[in-house]
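Asks: Residues per chain are reported as follows:
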Amino acid sequence: MSGVSRKEKKYAKLMRNQPSNITFSSTDQMAGRSGMGPSESQATNPRCGSFTSLQGVTGGHVQQQQVGSAQPSSYGDHRRSSYRGGFRGYRGNSRGSCHGYSQIPKSITATAFAQARAAEINAMIKAVSHKSGSQFLQSLPPTMRRRAMSHNIKRLPRRLQEIAKKEVEKVSQLKKEQSKSKSRKARRRHGSLLMEFNRRQRKNIWLETHIWHAKRFHMVKKWGYCLGNKPTTKSYRACYRSMTKQCLLQDLSYYCCLELNGTENNLLKALARLTSVDAGTTFASVACLSGKCQGSLVLYKADQYPEKPLGPVTFLWRPKTQPDSSSGNRQLWIWMHPALKMDLLTELQLVCQCLDVPVPEPAPNECKTITYVPEKQTEVVGLKRKQQDKAGEVVIPEKKIIGNGTRDPSTTVVWTSLTNGITIEDLTMEILRYRLIGPLSHCVIFEAIQAADVPKNSEEREETKMYCWWSEYCTQPEKMSLHNHQRDILQLLLGVASPAEISAGTVLGLTVGDPRLNMPRNRTTAIPDLSQPEDLEKLRDLCLNGIGAEYAQSQIWDRNVRNVVTETKISEQKLNQMRSKLLVPGTRLDLGSQESKIPILLVHQPGKMAGQEHTGWGSGWDILIPKGWGMAFWIPLIYRGARVGGLQEGAKHTQYKGLPHFPDDFPDCPAGIQHSVETKKELIDKYNKYPPAKRPNYIHYGTMTPFRCPWQQLVEEWEAHIQAGDLKLAVSGKEQELKFEVQNPNYKHAGVHENKASEEMSNKEKPSEPDEEMEEDSESVTILERNTGCKNGKNVITQDTPAESGHVSVLRSRKLLKQISMWCRPSSSRGQQTQRYRGPAQVPLAADAVKSIIGSYPRFLIWVRLSLLKKGSPIANATICVPSKEDLQLLVSDPNCPGPQESKHRDPFKQKCKALKNKKRALPKVPETTTAADLGITSVSGCGVNLVQGLWPDQIRNVISHCSRLAIGYVSQGDFSLTVGCGEALGFVSLLGLLHMISNQPPNHRGLALVRNPASLQYRFAKINIEV
Amino acid sequence: MSLSLSSSSLYILPVSMAENQPTAPASEGAMDMDQVEYTLRKRLPRKLPKRKNDIYVNMKTDFKAQLARCQKMLDSGCFSEICIHGLGLAINRAINIALQLQGGSFGSLQIAANTSTVELVDDLEPELDEGEPLTRTRNNSAIHIKVFHTLPQ
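So the sequences go chain by chain: P and U.
The numbering of the first sequence is numbering that gives the first Met the number 0, which starts it at 0 and goes up by one.
The numbering of the second sequence is numbering that gives the first Met the number 0, which starts it at 0 and goes up by one.
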């Protein structure tokens, strides 16, 4: 329809300057579309009197042509061509009859003919003489035109100057009316820029380093934040090198912090419902509870431990202020990813019995999200600014948003329980978190920050009212001694070369001076100073025992101190002004007692902990800073040689550490499920952008789900698979027997021969596609069939969805993980050595042990790391398969073999796709008025949306036995690992599938699996590692 | 010569040690308790300042490559002597490299070995909430071989 209306518009524009009596072409157009034109044209056209109805129109056309050829002006040409088009549309098939002698009229009436021509000539003269718009240049022949004429009318011939002047005036007036926006200079002025920035961060939260990042990073909008994804420079390897050898800095301020306040017992009792001792230490672990170190764990929905996890968090207890007061309130910070926050918050409110009752306390006032920089300072400072240029008008400077700009200030951020006195507070964007990764992160931090000076005498304290918190703090001798101790530790830590040498998760509280004051002039690289420190004994003690719990105390836990620190920050401008007044330019600015004192917290991040290789890789420090001080710490860190990474580098960091990355690798968490849905949509959209010949046909590759991992189907099918072979598993007592006795038809067939496998495959596919084959046979695909097919699909989907909501879970029981990890190792000489040390806790791999696990954890996934033996780099959604016996023999006979190949699959949907495409092509020809057929067609196309050439339709079956090797799992992230130097993949396998695999493998090849990328037929050998 | 052990590019980890169990089966009773409640994690050896002519031998890099690296360093003429360090299992390999260098030099190279003991730290991570995190120290042997050009007589 839109096409037609556009045509009409064009036509109307064309006919604007036509005299009223030349109307036949309109009938032409109408005739072309509706077929009822000719009679009208006769009625309105006076000159057609003597013609027959057919000739009336054709004659008109011929005459037009004659006129056009007589006066070959460009205008006439244009008109003619358009008329010809209209004519063709009308005549259609009987075009041949128009030509020849029959067209020439036998007689014409002179008066009528002349009248008609006169009108046409008039119209033409009028059209030529009236120049519209920018056409005045076009009236000149091309040889006389000059580029400069368009802006200097005096270059035009004088006869055209008059017209041109009018036109130019008209245009300039129009422009004046339009341009409401200010000049670039005005827009970039500080005030307007700030206003613009504030407007833009109402929707998505900006981190304090946003502007810095936006200039250097590809920004993405995720989880309600604007985050830097990756640097715009080519720095993939450079970032990796900084992680390994130098220092990589990352802004993690988007992580959310929830503060829980309450007595220790109440808190622990409430939180115990979210955790389980089975999955490792909990909130109550002794080391964490004292505040000495940071803990991390995965939280679950209340009382539903093995199932329904929420996501991983890290937590930090505030150290007790007085060691004896066990009854006092404790403070607990829980740090989490923003994708998880809302789920966790509701769950915490549930377990803490905190209802959505707004607290009448001062809370909303105190922790107001937008803190304004004191206005008076800016007025004093801004001397250069011409604030009085708009006389009388009071310019109210816009205030900078610090913290969460999206939140409505009236929303509650504090929830209190009436029963047990627990308070939950949302500290999102109140505390900044920077992460430094790499061995040099240690010296970068300790060069950038310096412990705050202690005021020497009382008079200094009195003179400064603003920085009262520090001078007050300094009056208490015990706190002073604490500060001095912390400063000593800072000095001591300078002698440690790498953060990997310190015990994991150590926390150090500090109060530091303004880091902007001792910035180097140029960007430098911090180098560890390893000249033997004086007190080696102390250092050794520090490394062995870690930093004591009492030194983890910091005033950053205190909300009031935080707010004061944020508000009393000296602005950059003021600082620069003070610098400019220095006697010797370039020397360090000494503010004395005026210098801000910032309480911070340093949290040690352990590197790679699990596994044998590369222990301690990627260890570093996190700095927690009160809000408002972001850039003040950011730039000094960068000036010490830290390279900055984005989300991508963060993901790589966790990948090389072998840990699951939060939203991607938690298929059992709500946030993870949502993330996988989003990524799938993104990838499908990208796939659809390519023509079918330029993208892989995943059906040929036997990949059912190239864009997601069907965990649900996987575990369900394995459950059914094991149940089918369960009896035999029970009969066999020992593993060796078990190896031969488990006789599964699928498995038997699996590795035999490719052709046999493909035969079996096609047999398997048959039940799923009887209707498709019917359609292939019959050329005419009836709409009815389509609709039923569509309904079937819907039914399948609706059956799946309730199951999808959460039957799959990830195994996190440490005991079991350790046990399975032991089983997965090949029993080489090394393995036997470990067996010697194996205590009574270790259960040998036997049928009854396996069976008990199968019985208690039927639908579980297990996190594995796969390292490829030879070539190949796996990518996300690659399939992890069980190697057949032949494959293992192949590996033994030829250690350099690349691995088995999957045979190419047949595409049963190709014909269907083609038919659908043809149908779509035929669609526009169908008249629009027929309503019933129209409805049917739209429903077909709605069904066909799911059918993309090269992709399996949504309802999938048989995921595990679709290919020649049994699938046990999928890769969730994989890449060529720069740390190990070979392809490495992280992913999940079905617990049952894994047990089935290892119990059927010979002991020296235990833990070998095959990996196959979604767009490849090549299987690669890989070693399964389970690291705890 | 200062005792120097690096961990960044060439670190030496005794590969033969059993995972999650202390290497020295000193007291059986204490070990059983450890297995139930603690996970053993080894820290990297302490990183010490490194000169340009220090070579840390590990068990992961190809032997030939390490030998070639030493040879190249000696042949370049920049250093009159190089130090080859090996810790634990890598002691054997360090000695091997040094001897090969000497053997291939037709008497122009000499070696001088030095042994030392390196203190290593193990973390014991509690599996249960009640456990305090512990650290243990253990000692491992290390060798430092100086390979230097003899003065032509």
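Rather than coming from a laboratory, the hints here were simulated on the basis of the structure.
The beta carbon of each residue, even a glycine, is placed where N, CA and C say it ideally should be.
Be aware that a few hints might be false.
To be verified - Chain P regions said to be covered by chain U (calculated; three or more residues, Cβ under 8 Å):
(1) 157 to 165
(2) 602 to 616
Said to hold, decoys possible - To list a few chain U residues with every Cβ distance to chain P over 12 Å, as calculated:
(3) L108
(4) A112
(5) N113
(6) T116
As the list claims (entries may be wrong) - What follows is a set of in silico ranges between Cβ atoms, one per label pair, in the way DEER data are often shown:
(7) P:I526 <-> U:K59: 23 to 29 Å
(8) U:P48 <-> P:H484: 25 to 31 Å
(9) U:P48 <-> P:K693: 52 to 58 Å
(10) P:D302 <-> U:N91: 52 to 58 Å
Asks: Taking the hints in turn, state whether each one holds.
Replies: We went through each hint and held it up to the structure:
1. Beta-carbon proximity to chain U at under 8 Å applies to 0 residues in the segment 157 to 165 of chain P; the threshold of 3 is not reached and the given coverage is violated.
2. Remark: the segment 602 to 616 of chain P is confirmed as covered by chain U, as 4 of its residues place a Cβ nearer than 8 Å to a Cβ of that chain, reaching the required three.
3. Remark: the non-interface label on L108 (chain U) is consistent with the geometry, its nearest Cβ contact in chain P lying 29 Å away (cut-off 12 Å).
4. Interface exclusion of A112 (chain U) from chain P stands, the closest Cβ pair being 23 Å apart, more than 12 Å.
5. The beta carbon of N113 (chain U) is kept farther than 12 Å from every beta carbon of chain P, the shortest such distance being approximately 18 Å.
6. Once the 12 Å rule is applied to beta carbons, T116 (chain U) is consistent with being away from chain P; the minimum gap is 14 Å.
7. For I526 (chain P) and K59 (chain U), the hinted distance range of 23 to 29 Å is satisfied, since their beta carbons lie about 26 Å from each other.
8. The hint said 25 to 31 Å for the Cβ distance between P48 (chain U) and H484 (chain P), and at roughly 28 Å that hint holds.
9. Separated by about 56 Å at the C-beta atoms, P48 (chain U) and K693 (chain P) satisfy the suggested range of 52 to 58 Å.
10. For the pair D302 (chain P) and N91 (chain U), the supplied restraint of 52 to 58 Å holds, since their beta-carbon distance comes to about 55 Å.
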